[in-house]
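K.L.:
What follows is each chain in one-letter form.
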Amino acid sequence: MADENGKVAVQTGLVFPGGSSLSEVERAVPSDEPPPWPLNAELSVVGKPFPRLDGPLKVTGAATYTADVRLPGMLHARVIRSPHPHARVKNIDVTAAERHPAARAVHVLEHMRGGAKLRDPKQETPSKFPIVRYVGQPIAAIAAATPADAEEVMRLVKVDYEVLPFVVDLEEARKPDAPRVFPGATEQPATAGGGGAVPNVPQQGNVRGPTKTGPLGPPRGDVEKGFEEAEITVENTFRTAVQTHSALETHGVVADWKPEVLTVYASTQGTSTVRDELAEVFGLPKGKIRVVTEFMGGGFGSKFGIGNFGVLAVHLSKKASAPVRLMLDRKEEHVNGGNRPSSVQRLRVGAKKDGSLTAIHLTSWGTGGTATGAGAGNVAKNMYACPNILIEESDVFTNAGPAAAFRAPGHPQGAFALEQVIDELAEKLGMDPLALRDKIDIDEDLGGRNVDSAARRMERKIGSQKFDWARRKPAGSDRGPVKRGLGVAQSIWYRFIDLDASCEVRLLRDGTVEVLSAVQDIGTGIRTALAQVVAEELGLQPKDITVRVGDTAFPAGVPSGGSRTTGSITPAARNAAHEVRRRFLADVAASMGARPEALSLKGGKVLLGDDGGRGIPFRSAAAKLKTEQITASRSRAHDYGGFAPGRPGMNMGIGGFGGVQFAEVTVDTETGIIKVERVVAVHDCGRPINPLALESQINGGILQGISYALYENRVLDRRAGVQLNPNFEQYKVLGAREVPAIEVLLLEEYQGRSSTDAGGIGEPATVPTAAALANAVYNATGVRMTELPMTPARVLTALAAARKGAQ
Amino acid sequence: MNRFAWVTPSTIEEAVGALEPGALVKAGGIDLMDLLKEGLIAPQRLVNLRAVEGLDRIEEKDEGLHVGPLVTLARLAANPIVQGRYRALADAAGHAATPQIRNVATVGGNLLQRPRCWYFRSEAFVCKKKGGGRCYAHGGENAYHAIMNNKTCAAVHPSATATALLALGAKLRIAGPTDAREVPLETFFVAPEVDVMRENALGAGEIITEIVIPYPPSEAGSAYLKQGEKESFDWPLAEVAVLLERDGNRCKRAIIVLGAAGPVPVRARTAEAALADKVIDDATARAAAKAAVQGATPLEQNAYKVTIFEAIVRRTILAARGNTA
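Note that the protein sequences, when read in sequence, are chains A and B. Residue numbers for the first sequence follow the UniProt record's numbering, beginning at 1 and rising by one. Residue numbers for the second sequence follow the UniProt record's numbering, beginning at 1 and rising by one.
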């Protein structure tokens, strides 16, 4: 069994455009797992670019997203939301709503899910209804026959509020006499829907923190001593704005309560996490719940749980004995769909004259509204070698919608600060930014700390050649009003692995091959990756494989967060396919007059030895199966060689993923407009399964990063606590004309850690973009932008301040 | 959204007749849908103009260019005559909104759309424009608001084509319950100090039937430039339309209009005067641009718009010089 490991020689190292650096290591591979694959160059399907299998369905509109689900007798729901940022609900009168002829069910929310909770609920005057802490907080929901009816019925629910003092501005909220979002200290327990906060953290007013021990470990060394040793110190303060996830598909469900089974069609990144949370909320056994996500229109971290809207929809379905559709509209999505917290980061870095770092001290605070999660310190903690690191992070509560995990939580913020300070340091030292990074980006054995610098060293080298970094001029040296600049920044991410990742592979007598898993394809292309992995094992093409995912009726699937999907689920698929292959060959060997070991599967055929391509077509061989089907279900094993130590409750692999992005911008100094002309992105994420899908995800990460850097900003009115831009008109997301020329270079990074050795790219692809842009803007203008988004207003203000300072 | 009746007249007379109190006109329906969805209007009846004959023509005849109010922004932008002698209008229409919206939105609707001020557009704020007592942009979030004439109401006028049409000296033909009338665009817009609840002088029961743009003089050229934070789907931080009439190198007459600067489009008369009789070059354009933003009264968060306007006015003057026939 799995614990009887055999030592196997595996090639590890890098394959990059134009070369490779590989060495052989020994890994203990469980006896029931297939032997490690050779390099991608020797595989026929894996590592080759394939257009996504469901592409035609998506572009023709045939794909069924949650919003497209229509069930017989389905009702339409609307949510009643608070117009006040802080209030006590005195009374809810639903009689008029219930009397409306089209009304089918009304449900008042009893408990708020998500966000922080009072450590001691008695600190707040008891109330029959949850306290309102932000504009848009859900209060109740109704279901009616049509969307128009639902809107009429919704308006008939009368809620009496006792309005309380509120605060939405970050700096105001930090003041000791600011209105309290929570009247006492808070905790944020982890739920299926999202990660919790470090417990027992001190809280003063709205400020929870500082915490000095993040999920990646305690402080290191002694920063005071480190700064004493420093020969040069760089310090700056950086600010980033609240960004909403703005997935094209909003949150939503179709809930269908039946006595025998509850079926919920959900736009989610975790069919299993939604099922688990439903089981908890409704006291149902998991076996009586089915969650389905056939196609999904983006989540970026905000869609793991059932959410208050989902709880409401299930209650309405139960009460009305009918399916209920509840999709948030764009306004609800902005105010209540989650967000990336803002940050203020005071970052100080000390170094020796040779560039080696002696101390990093980051003090940060930010607001995720009524939720925690504003920490931004992981980049500063994990990117560069430094003996003395202190990170002090605080959450500041405000009366605004709760934050949710958002593509590399804390990391784009952290990189924006750290990578600019490293550039400042390079300038002060008279070093090229890449040369300084070559000096300080070195692996340290810190008990599994996720530094992964060998890949980044190569990425800097090949990226700088591709980008022609050598043409970079001194900062601000362009003469005309439109100035050109080049910048670079680095990415860091981790190997998160979920062992709840299983696949079943079936081979039917007519040659059909199916792969089934509860894992959902959130738009990243895991469907196609699974088909490739199974096809590789069976000597077929991806199109020959039927992939059925996004249904908890299938074997357990990993939730898609932490960039862990591909690394977790593809080994399960390969393991299952390998077992099917073994039994298939055993079945057909006799009829071919051969021993199973002499057979192989290649090019859609069962081959006997080196018979030069003769053999039986796969389908004809399948017809010889002794039973109608062969099926095998397998799961993800532990990483070969084990996970990084010292992280209970979290399976983090040894080594990480990362990348380096180079950006070229122009800055119009008369209008303050920044235009991104070109991005060269070099990334690593283990063994690439589908380079085309990887490239797409990297493109997306860069575009979301540019959008974050230049445009996105949730604007709240300070006097009313209302979001002023809950739409795509005033909440600005980059569009087609803001897309630069993007060139992606992929490294193949072999670590020999699983049967596919694959990793994820979603998060690392967006971490460095804003930082690279800011460094390029500095190179263009000689003026450092310390606040996101870098709007014309901020650029012009910074340029004017610099001119004034120069006089 | 409330329930309403839907009427589709086939003549102007029928359309005007259908405009009883509580009724609203629908052309492209773009702004109308936004207003309905946010609950800012609740019409009892919508009068759909799409079936009325002859409202979607572009013709050059008689006094100049005749544009029907139902001509879409996309058609206006793509029309070779408009692109030639009325370049500012083509560029204004072609840079508004998105390709999808331009395929549906009409020039009449573009002229008459309500402001995009986020306080006006949110049902959470009953501002002066909605009969309330205050302008929430004052002391509020006003980075995108007016930098001129902003004491009463700080919303900026949203119409790109208004900016260009004003520079081109357009007039409007209007039908209504009484006699048809003709109004120079110059006097069509209503400042908030006159009536804050409206942006123009279109009366109850009236519809625009034609936009007439006079032939530009010989040796004239026009230009329109828009500066948004983004190029795709964004409202302008600054937009400028310029009509230049030249006598050789000299500027005989200039009309300079600033959009997104005030509650109604702003004629920059000081700048126009600064250019008159001057050789049009970088220095005179620069001086005119400076004059254009003199006296601006920016709010707490939008002084940067003054800087941008100064750059865009200068660039538009030079572009208009380049576009001269």
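Incorrect hints may have been included.
As a list, the in silico BS3-like pairs of lysine-lysine whose alpha-carbon atoms are at most 25 Å apart [said to hold, decoys possible]: (1) A:K352 to A:K428; (2) A:K158 to A:K331; (3) A:K804 to B:K290; (4) A:K331 to B:K230; (5) A:K122 to A:K90; (6) B:K37 to A:K158; (7) A:K331 to B:K290; (8) A:K225 to A:K428; (9) A:K352 to A:K158; (10) A:K461 to A:K353; (11) A:K461 to A:K428; (12) A:K675 to B:K128; (13) A:K158 to B:K130; (14) A:K605 to A:K473; (15) A:K605 to A:K624; (16) A:K331 to B:K128; (17) B:K171 to B:K151; (18) A:K90 to A:K58; (19) A:K461 to A:K473; (20) A:K225 to A:K352; (21) A:K543 to A:K473; (22) A:K466 to A:K353; (23) A:K466 to A:K439; (24) B:K37 to A:K331.
For the chain A half of the interface with chain B, some residues (derived, Cβ under 10 Å), not all of them [said to hold, decoys possible]: (25) V8; (26) S127; (27) I131; (28) P218; (29) G221; (30) D222; (31) Y711; (32) R718; (33) G735; (34) E787; (35) P789; (36) R794.
Beyond 12 Å from chain B on every Cβ pair, some chain A residues (computed) [unchecked claim]: (37) W469; (38) A553; (39) E729.
Hints are computed from structural coordinates only; laboratory data are not their basis. C-beta atoms are modelled at their ideal positions from N, C-alpha and C, and glycine is treated no differently.
K.L.:
Now tell me, hint by hint, if it's right for this structure.
P.N.:
Hints, one by one, checked against the model:
no., hint, in the structure
1, A:K352 to A:K428, "holds, 11 Å"
2, A:K158 to A:K331, "holds, 21 Å"
3, A:K804 to B:K290, "holds, 20 Å"
4, A:K331 to B:K230, "holds, 21 Å"
5, A:K122 to A:K90, "holds, 18 Å"
6, B:K37 to A:K158, "holds, 21 Å"
7, A:K331 to B:K290, "violated, 40 Å"
8, A:K225 to A:K428, "holds, 21 Å"
9, A:K352 to A:K158, "violated, 66 Å"
10, A:K461 to A:K353, "holds, 23 Å"
11, A:K461 to A:K428, "holds, 23 Å"
12, A:K675 to B:K128, "violated, 38 Å"
13, A:K158 to B:K130, "holds, 24 Å"
14, A:K605 to A:K473, "violated, 58 Å"
15, A:K605 to A:K624, "holds, 14 Å"
16, A:K331 to B:K128, "holds, 24 Å"
17, B:K171 to B:K151, "violated, 28 Å"
18, A:K90 to A:K58, "violated, 47 Å"
19, A:K461 to A:K473, "holds, 19 Å"
20, A:K225 to A:K352, "holds, 13 Å"
21, A:K543 to A:K473, "violated, 50 Å"
22, A:K466 to A:K353, "violated, 30 Å"
23, A:K466 to A:K439, "holds, 21 Å"
24, B:K37 to A:K331, "holds, 11 Å"
25, V8, "violated, 52 Å"
26, S127, "violated, 24 Å"
27, I131, "violated, 20 Å"
28, P218, "violated, 41 Å"
29, G221, "violated, 43 Å"
30, D222, "violated, 43 Å"
31, Y711, "holds, 6 Å"
32, R718, "holds, 8 Å"
33, G735, "holds, 3 Å"
34, E787, "violated, 13 Å"
35, P789, "holds, 9 Å"
36, R794, "holds, 8 Å"
37, W469, "holds, 28 Å"
38, A553, "holds, 38 Å"
39, E729, "violated, 7 Å"
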